[in-house]
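Protein chains: 2
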Amino acid sequence: MAVLAGVFLDREAACGLPALAGDANRGPKSFSAQNPFRSRAPVSATLDVLTIGNAIVDVIARADEAFLAAQGMPKGSMTLIDEAKAEAIYAAMGAGTEISGGSAANTAVGAATLGARTAFIGKVREDKLGQSFAHDIRAAKVAYATPLASDGPTTARCLILVTPDGERTMNTYLGAAQNLTTADLDAELVKGAAITYLEGYLWDPPPAKEAFLAAAGIAHGAGREVALTLSDSFCVDRYRAEFLELMRKNVVDLVFCNEAELKSLYETADVDSALIQLRRDVASAVVTRSERGALFVAKDAVVTAPAYPVDRVVDTTGAGDLFAAGFLAGRTRGLDPATSLRLGALSASEVISHVGARPERNLLDLARETGLLA
Amino acid sequence: MAVLAGVFLDREAACGLPALAGDANRGPKSFSAQNPFRSRAPVSATLDVLTIGNAIVDVIARADEAFLAAQGMPKGSMTLIDEAKAEAIYAAMGAGTEISGGSAANTAVGAATLGARTAFIGKVREDKLGQSFAHDIRAAKVAYATPLASDGPTTARCLILVTPDGERTMNTYLGAAQNLTTADLDAELVKGAAITYLEGYLWDPPPAKEAFLAAAGIAHGAGREVALTLSDSFCVDRYRAEFLELMRKNVVDLVFCNEAELKSLYETADVDSALIQLRRDVASAVVTRSERGALFVAKDAVVTAPAYPVDRVVDTTGAGDLFAAGFLAGRTRGLDPATSLRLGALSASEVISHVGARPERNLLDLARETGLLA
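Protein chains in written order, with UniProt numbering: chain V, 1 to 374; chain B, 1 to 374.
It is worth saying that the hints were derived from the structure and are not from the lab. Being a predicted model, the structure only gives us computed values, none of them experimental.
Below, in silico cross-link-like pairs of lysine-lysine (DSSO-like), each with a Cα-Cα straight-line distance of 27 Å or less:
#1 V:K263 / V:K249
#2 V:K75 / B:K141
#3 V:K191 / V:K249
#4 B:K128 / V:K128
#5 V:K209 / V:K263
#6 V:K85 / B:K128
#7 B:K85 / B:K75
#8 B:K75 / B:K263
#9 B:K141 / B:K191
#10 B:K75 / V:K141
#11 B:K141 / V:K85
#12 B:K85 / V:K128
#13 V:K299 / V:K263
#14 V:K299 / V:K249
#15 V:K141 / V:K128
#16 V:K141 / B:K85
#17 B:K191 / B:K249
Please build the complete structure, drawing on both the sequences and the hints.
Here it is in structure tokens:
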């Protein structure tokens with residue numbers, strides 16, 4: 001498949017959003033020129049992408065719509081649950097496949113398999129699931145050195161019900177993940193990372209919120225970029241005002257969201273008006289639109305890219321995480337936004353073709369096969 | 001897809017093995033008429049299939065041929081390892097997907113999803129993996145009541161390396177599974193099961209061998225059938241004489257094997273001569289031949305069935321287990337051997353299309369979609 005090199009102006013661009021075609025393929029150096037933290041030249045990054053998030057093991061089972069209804073689970077959502085509720089759902093649900101997960105951790109793994117130098121910070125306990133989590137992320141060549149907790153809550157798990165249409169409904173017991181604190185931040189790691197990527201879900205456990213803000217401060221102090229994924233429309237609903245403040249105060253430079261999250265952020269059903277507000281509020285953003293592709297927006301640019309076709313959507317878990325992985329890997333390689341979007345779309349297409357939120361194929365090989373990377 | 005209703009005489013049949021076309025579709029009642037334990041009419045079965053085997057959780061990771069070579073693993077084999085070796089391999093291997101497994105347990109799950117009334121007997125410890133195993137098999141509607149061990153070795157695990165061609169190479173730490181004893185046998189369960197299915201792997205842990213023989217005795221005492229899978233060519237190599245004795249002394253009535261196991265059993269590269277010996281040694285057998293289909297042989301019959309086409313072989317783990325599941329489910333439904341073989345082939349085709357040895361789809365729905373079952 002040929003590299004999608006051009007700039008595509010779509011209906012968003014046509015409705016009042018000026019797109020500077022000459023600028024869209026400039027590559028990362030100038031792409032966030034509006035960002036005050038980009039004003040001095042940073043020392044060379046020792047890491048491409050550092051992600052920080054809730055460290056979670058997924059337990060994935062198939063379920064039908066009736067099961068979701070009987071359990072009162074809003075389809076497609078992520079619901080926070082306590083350990084007792086986790087036990088009750090587990091007892092009721094079908095046979096589970098256990099695969100390491102966690103949104104930002106999935107993104108780190110995806111970026112690593114695309115050749116990016118990556119690290120992850122997140123908390124597990126030193127129990128069976130925690131050991132699996134640590135093994136798996138390290139096996140994917142992601143640097144992971146957050147100390148495992150020797151006591152306290154057990155390792156976080158996410159009970160994921162996948163309906164026949166491939167859609168996932170998640171129930172998360174945060175457990176040990178909620179004890180991530182500023183003390184777990186490795187400042188040198190943050191300073192050395194070209195992009196520090198934070199998940200909106202970190203807003204759920206209060207101490208993690210502080211770690212999030214501290215990491216953003218350290219990254220900006222070192223002249224690096226800070227990215228945020230809005231994670232989930234329900235998450236946006238919980239923290240709308242805070243997320244908007246992070247954007248408006250330039251605590252984050254690059255936002256990842258899907259259309260549902262975007263609509264939730266601006267409490268509107270109108271994507272066009274939400275996009276106009278998004279471009280005012282943040283230096284740059286990637287908006288994913290499932291099978292309709294994705295777009296990158298900055299103050300002066302709108303770039304779109306189509307989705308990759310998928311034979312059968314098996315499980316959408318991790319689609320957004322892997323899209324971000326592809327985009328970030330492309331961006332830190334110095335690729336233009338259009339190609340980075342395509343790399344995101346390709347990565348997402350791989351992960352929705354099988355069960356689990358971590359890629360089964362080497363994404364670098366896949367990108368080379370499709371001609372996206374040389 | 002149409003039901004394969006006819007009898008196909010293949011080259012085995014043509015080379016000295018008489019096939020009685022009129023007999024091949026007789027259904028189970030007369031199919032093991034040669035077996036002395038079928039001489040009196042059994043009381044109605046309360047269970048279709050009881051399987052007994054090593055209760056194992058699989059940890060599945062992708063690996064390349066170079067990894068197998070570096071680790072000294074014979075590709076396609078199952079090697080028994082101790083816990084220290086399991087830790088060493090785990091540390092070296094890639095990120096793992098954990099899914100309940102165990103050969104006979106997979107067969108029970110497969111038969112259950114085809115609508116058979118099934119139960120499983122096998123030993124785990126009451127640890128995280130053991131609890132997952134118990135949850136998963138019960139979630140698949142397989143009756144499972146073997147007491148979980150409260151101490152002793154940890155739950156068995158099988159480290160499975162899947163190469164790009166989909167072939168699996170297994171390393172099994174038997175742990176708690178090796179403590180299955182005659183005391184764990186529920187005699188009423190065995191008496192009530194139309195077919196008791198035992199895995200050759202049970203010959204590895206010595207106490208389980210006794211439980212195996214006790215179960216066969218109870219089953220035959222109640223006028224039931226006893227089936228054995230030869231499990232693995234290396235397993236056959238370890239226990240050739242004993243397996244042959246089980247067959248020749250009518251301790252087992254129905255043998256499942258693939259061509260590699262068959263050749264190993266008779267220490268020959270010539271499948272035809274091995275088949276002649278197989279028909280002399282056991283009342284009936286199912287021989288699977290990967291993409292070349294499978295055949296059912298009895299003293300007076302040879303029936304063949306083609307394989308189901310598969311778009312992409314992702315992971316062959318469980319192919320034999322699920323073939324057996326389909327055949328047993330068909331047989332206990334009273335279907336003829338040809339249709340039972342087809343049900344086996346269909347079940348195997350589903351399980352090799354994804355990672356893991358348990359079906360992801362409802363096999364009954366699948367069999368109905370293909371027209372194999374009404």
